[in-house]
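All chains, full assembly: derive it from the sequences and hints.
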Amino acid sequence: MKQKSWAGWAALFLLAAGIAIFPWVGDFIGQRFPTSYELRLVMRAMILAIVVIGLNLLVGLAGLVSLGQAALYGLGAHVAALLSLRAGFSFAESMVFAIAIPAVMGAILAFPTVRVRGVYLAVVTIAFGLIFVNILREWVGFTGGASGLANLPRPTMFGERLMATRAQSFNYYYLILVCLLIAVWVQYAIANSRYGRAMRAAAQSENAARALGVNVVGIRTLAFAVSAGFAGLGGGLFANLALFVNYETFTFTASVELLLMVILGGSGTMAGPLVGTSVLFTATQFLQGLGQWQTFGYGFLLALVLFVMPKGIVGSLAALRARMMATSRARETGHWPNGEPNFLNNQNGQGDGTGSALIAKGVTLRFGGLTAVNAVDMALKPGTVHALIGPNGAGKSSLLNVISGFYPATEGEVTVFGHRIKNDPPYRLARLGVARSFQNTELFGQMTVLENVLVGAHTHFHASFAETVLRLPRFGREERTSRNDALRLLDFVGLSDFADEEARNLPFGHQRRLEIARALALRPKLLLLDEPAAGLTHAEIEDLIRLIRRLADHGMTVILVEHHVDMIMAVSDRVTVLDYGEVIAEGSPAEIQENPKVIEAYFGHGAPASPNAAQVPA
Amino acid sequence: MEAILQYVLTGLSVGSVYAMIALGFYVMWSAAKAVNFTYGDVFMLGGVLTVVLVEMGLPLLLAGGGALAIAALAGAVIERVFVRPFNREANAIGWMLTTIAVGIMLESFTTITYGPLGRPLQTPFVEQPIRIGGSGIYPQELILPVALVIVTFALEGFYRRTVLGRAMRAVAFNRVAAGLVGIDADRITLLAFALAGAIGALAGFLIAPVIQASSSMGVVVGLKGFMVAIIAGIANARGVVIVGVVYGVMEKMIEGYLSTAARDAIGFTIMILALLIFPQGLFGRREVQKV
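Order-wise, the sequence lines are chains A and B. Taking the numbering used here, I'd label the letters of the first sequence as residues 5 to 622. Taking the numbering used here, I'd label the letters of the second sequence as residues 138 to 428.
Each hint should be verified, as a subset may be incorrect.
Computed Cβ-Cβ distance ranges for the label pairs, DEER-style [what the hints assert, rightly or not]:
# : chain 1 : residue 1 : chain 2 : residue 2 : range
1 : B       : L410      : A       : R170      : 35 to 41 Å
2 : B       : F415      : A       : G145      : 31 to 37 Å
3 : B       : R297      : A       : A543      : 32 to 38 Å
4 : A       : R370      : B       : P266      : 39 to 45 Å
5 : B       : S353      : A       : N196      : 42 to 48 Å
6 : A       : G539      : B       : V318      : 21 to 27 Å
7 : A       : A111      : B       : Q265      : 25 to 31 Å
Examples of chain B residues lying across from chain A (beta carbon under 10 Å, computed) [to be verified]:
#  : residue
8  : M138
9  : I141
10 : Q143
11 : W166
12 : F174
13 : M233
14 : I237
15 : V357
16 : G393
17 : R400
18 : D401
19 : F405
20 : L410
Just so you know, the hints here were simulated from the structure itself, not pulled from any lab data. Because the structure is a prediction, the values reported are computed rather than measured. The beta-carbon is built from N, C-alpha and C at its ideal position, and this holds for glycine as well.
Shown next, in the form of structure tokens:
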């Protein structure tokens with residue numbers, strides 16, 4: 005792990021050094037090289053790489069597709085051009101707006117669409133691109149129409165004219181290089197932080213991300229705003245390089261080209277944008293020789309890349325490397341629960357005076373005409389294990405979904421630790437200390453086991469976005485603490501040896517363990533487990549019972565939805581029985597076992613009312 | 138008053154095209170939860186292939202039928218080769234990119250072989266415009282709304298009354314459950330894309346005489362069709378048709394009273410705003426998130 009990132013930084017350093025030396029190559033080989041033409045090509049490639057890095061954050065981390073990125077790029081270019089041409093802004097001033105305006109535009113575009121489906125964003129961004137080009141083309145008085153905006157004043161900074169000429173020591177060239185390196189850094193800083201993890205988590209399992217306290221709409225909007233900001237930065241740099249802008253550079257085809265660069269390099273990889281941009285930019289210079297077949301060539305190349313190496317160049321190489329490095333070393337599964345979960349107890353106070361962890365009053369949930377949960381009253385003492393049982397379709401999971409905020413209750417109210425919830429989204433409940441697992445495990449399959457647990461700790465990070473990007477001390481502190489806690493949690497559930505394995509590769513039982521560890525990383529006060537024993541072996545269930553007891557002994561309140569009767573009897577303090585959405589019995593496990601109503605619900609009328617009958621797993 | 142009538146009539150005609158395209162998106166989305174992103178190019182094939190076949194000497198209706206068949210086949214091939222392998226996991230985005238790649242290839246290949254310019258398609262209904270006040274409208278344009286009504290009802294009948302149509306609805310509702318009762322969901326999806334191909338090509342065939350068939354006729358129309366489908370809430374066929382027609386009329390009103398140049402800018406902006414206010418679509422129901 006360490007070694008790999010070291011190699012990456014070394015490669016980046018070599019690349020930067022190569023680019024930095026490039027303008028002076030002529031001095032070494034004694035020729036007039038590079039000419040201003042070649043310099044310009046390198047500068048344009050660097051600018052594109054900045055835009056592509058932004059798009060990579062969106063596509064590779066957040067899993068969203070923008071097909072209007074070229075328009076945001078163009079927006080930055082036009083903002084810079086118009087401000088310096090018409091308003092007399094200085095280079096630095098116009099650049100600030102060239103970044104900010106596309107970023108805001110991106111947030112505005114993203115907000116309505118990411119709430120629904122990813123496809124919508126793709127369509128809305130295409131539409132935005134068409135609107136943009138339409139306005140540029142038709143509003144001749146403002147944007148110059150087809151002839152564009154020409155004769156931009158040459159940019160200056162600190163009294164120096166910014167140009168890529170020998171007389172100016174190629175200062176504009178180096179400015180672009182610095183911007184590119186900043187972009188690479190920001191990309192790295194976001195990807196390796198809670199922000200990047202939350203983006204990937206939201207892309208891989210939206211529900212799990214929400215349950216762990218990730219504001220999915222917020223994090224996606226952020227991803228798009230940052231991505232658009234990079235596009236704007238590239239646009240501003242481009243306008244001041246070309247000193248001429250018109251809409252032809254920023255059409256739909258250009259957006260596809262940018263996307264192709266991301267995919268070709270390897271979306272979600274750190275080096276991908278640099279590789280993809282270099283390769284495709286070079287290829288484009290050749291494709292231009294194809295004349296009218298050029299566009300066809302693009303389409304063909306895009307399809308080819310997706311078929312042959314969907315992970316892109318860097319992604320495919322990384323996969324190859326991983327396969328070659330893969331040792332056949334058997335990973336050792338530790339026993340669980342391992343040790344005491346006392347490192348979790350900083351929040352598990354029982355003393356907030358209300359005396360109840362959770363109170364449900366008349367909670368009703370209807371789907372159309374169907375009443376899934378009907379006027380349920382419940383009260384949970386802190387530090388107890390409360391089982392929720394009932395035949396299939398009794399409304400157990402629905403009730404759990406109301407408590408965790410996934411469904412707003414149609415009627416009634418739920419109070420968690422004195423906080424009344426009404427239409428609170430899951431992420432806000434997570435911040436109140438409610439964590440949950442899912443009936444069908446919902447892990448972030450393509451993230452490592454450790455990263456999964458770190459997403460669980462999302463709500464415990466307080467370092468702002470700026471602190472994260474600048475790697476200020478608070479970020480490092482929180483990251484270290486969370487990492488340590490995560491490792492201890494993995495140790496607690498016996499998965500230490502699997503920390504760097506991708507979650508989807510775990511065997512099923514281990515996935516259950518991981519999901520519980522991830523929920524615990526939230527340091528919940530109330531833990532909701534939806535059929536955690538389903539699919540586990542007998543021995544694993546024994547372990548699970550011990551784990552749940554141990555959590556309760558440390559003051560955690562647990563709600564358990566389960567069919568496994570032996571387990572319920574062994575672990576629960578109280579049991580609530582639901583049937584057709586209504587509470588038909590409530591009491592200690594022993595009382596429930598004797599309750600004739602419960603026996604009837606499970607076995608129908610006229611079933612023998614012997615105590616043994618209820619012990620058959622339902 | 139006459140101006141309004143003119144806008145409404147031409148709007149109905151354009152809107153019918155949008156509605157048919159949107160219906161095609163609806164059919165694909167229902168079956169696969171994915172679409173041919175550049176479905177506009179299948180629409181284009183309907184117009185262009187008819188022209189090509191007519192030039193080869195086929196009678197008009199036979200040429201149209203041939204174009205429809207080829208477009209249906211293209212729809213099926215696109216599903217099998219470019220959508221299915223890239224739509225295996227939930228939230229997959231690969232199909233978006235592959236179908237865009239196909240669209241780029243289809244369009245540029247058509248531009249190269251067929252030429253960049255539009256070519257006319259002669260039908261008896263574009264010889265003489267009907268005069269309404271100062272301007273005219275071709276009878277061909279009035280065929281489109283009629284065709285839309287027929288297609289809408291035929292599609293509804295197909296979904297409700299035929300075994301295949303019911304199977305398609307079953308797949309749309311729950312792919313796994315449909316598989317469990319013996320429906321070959323993959324084959325149904327393939328057929329849905331073929332059906333969508335035919336619907337798109339029909340729209341292209343019918344509008345070609347009015348606007349001339351060209352390689353670039355599909356891009357923007359396809360996108361507008363998709364926007365219409367999304368604004369309507371993509372899972373509601375009638376909603377999709379209504380929004381399509383309304384959008385067509387609105388466009389003509391914008392052209393007439395505001396500006397021809399800014400038509401798409403205004404139209405798309407309105408659509409984005411509509412999505413902002415109704416994120417589930419005008420006729421869409423809030424999807425219950427299965428947890």
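Hints not upheld, ascending by number: 1, 3, 4, 7, 8, 9, 10 and 16
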